[in-house]
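Trainee: Sequence:
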Amino acid sequence: MSMKPTLLIIEDEPSILRGLTDLFIFHGFNVDSETDGQRGLDRALANQYHCIILDVMLPSIDGFQICDGIRQRSQTQPILMLTAKNSEQDIINGLTLGADDYLAKPFSTTELVLRVTALIRRSGLPSTDNKLIISDNVSICTQKLIGTSYQQEVRYTRREVAILSYLHQQKSPVSREELLKEVWGYKSTEHLDTRTVDIHIAKVRKKIESDPKSPQLLVTFRGEGYQLLSGR
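Sequential numbering of the sequence shown, starting at 6, is according to this note's numbering.
For the record, the hints were derived by calculation from the structure and aren't laboratory data. One or more of the hints may lead you astray.
Straight line, CA to CA, 16 Å or less: simulated EDC-like cross-link-like pairs of lysine to aspartate or glutamate [to be verified]:
1) K136 x E158
2) K218 x D203
3) K186 x E116
4) K218 x E229
5) K9 x D41
6) K212 x D141
7) K212 x E158
Okay, the calculated beta carbon distance ranges per label pair [claimed, not checked]:
8) D47 x E195: 18 to 24 Å
9) A207 x E183: 16 to 22 Å
10) L234 x D41: 27 to 33 Å
11) K176 x S20: 49 to 55 Å
12) K9 x N142: 27 to 33 Å
13) Q156 x E195: 40 to 46 Å
14) I97 x K186: 22 to 28 Å
15) D17 x T114: 32 to 38 Å
16) Q77 x T40: 21 to 27 Å
17) K218 x H32: 41 to 47 Å
18) T114 x R160: 29 to 35 Å
Every residue, glycine too, gets a C-beta built ideally from N, C-alpha and C.
Generate the whole structure from the sequences, applying the supplied hints.
Mentor: Here you go:
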């Protein structure tokens, strides 16, 4: 039985798809691929993958619809989206719908492999279900990825729970670079161009704050980073 990690690449540009397939096979992955959005979503829902690499612009349905469809079924499936270079709205849309990370075209193949490897390495959650108590009004079951926020049931992604769990352990503000290393698993953040931390923090605030525009639990300290404060 193969122990190789398995990827699904959903990309409609033949030359890019061939290149990515060859790249990851060379690095020891098993690779499935689709060039059509609906077929890609069907395959993603029918199988388990260590990571899904997902382009935005696709025939039949786009990458945003695929990401949303996957997240409705699974909050734990690692997803990396390929976006248009400097397309801020694509980045925001993808991460808001639950992608774990993004990479803008044209991209470095070395960086892509590093990011996918980091996603896979950080994809596991504790096997036992622990309750993360953020305040009297906010708590999360870390394995089920479901919580209660001001008497409303809230669903979280694996990445959102990982961010909150890490911040909950810290007694001082955590920098963006530290989060990228400790939660996303990047060994180096030098020259790393990504807004994924900022957008994930904004997503988390919408779920745990009574007023996300004036956060009281997940607070930013200018020049220092983010800190999760006790709401008790």
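Trainee: Hint by hint, note whether the structure agrees.
Mentor: Now for the hints, and whether the structure bears them out:
1. K136 x E158: holds, 14 Å
2. K218 x D203: holds, 14 Å
3. K186 x E116: Distance ~14 Å between K186 and E116 Cα, so the pair holds.
4. K218 x E229: violated, 19 Å
5. K9 x D41: Given that 16 Å is the threshold and the Cα spacing comes to 25 Å, the pair is violated.
6. K212 x D141: holds, 14 Å
7. K212 x E158: Holds, at roughly 10 Å.
8. D47 x E195: 18 to 24 Å: Violated - the Cβ-Cβ distance for D47 and E195, about 39 Å, lies outside 18 to 24 Å.
9. A207 x E183: 16 to 22 Å: This hint holds: roughly 18 Å between Cβ atoms.
10. L234 x D41: 27 to 33 Å: violated, 47 Å
11. K176 x S20: 49 to 55 Å: holds, 50 Å
12. K9 x N142: 27 to 33 Å: Given about 44 Å between the Cβ atoms, the range is violated.
13. Q156 x E195: 40 to 46 Å: With a Cβ separation near 44 Å, Q156 and E195 satisfy 40 to 46 Å, so the hint holds.
14. I97 x K186: 22 to 28 Å: Holds, since I97 and K186 (Cβ atoms, about 23 Å apart) stay within the stated range.
15. D17 x T114: 32 to 38 Å: violated, 19 Å
16. Q77 x T40: 21 to 27 Å: Holds: the Cβ-Cβ distance is about 23 Å, inside 21 to 27 Å.
17. K218 x H32: 41 to 47 Å: Hint holds: Cβ distance 43 Å, inside 41 to 47 Å.
18. T114 x R160: 29 to 35 Å: holds, 34 Å
The structure fails to meet hints 4, 5, 8, 10, 12, 15 from the earlier list, while all remaining hints are met.
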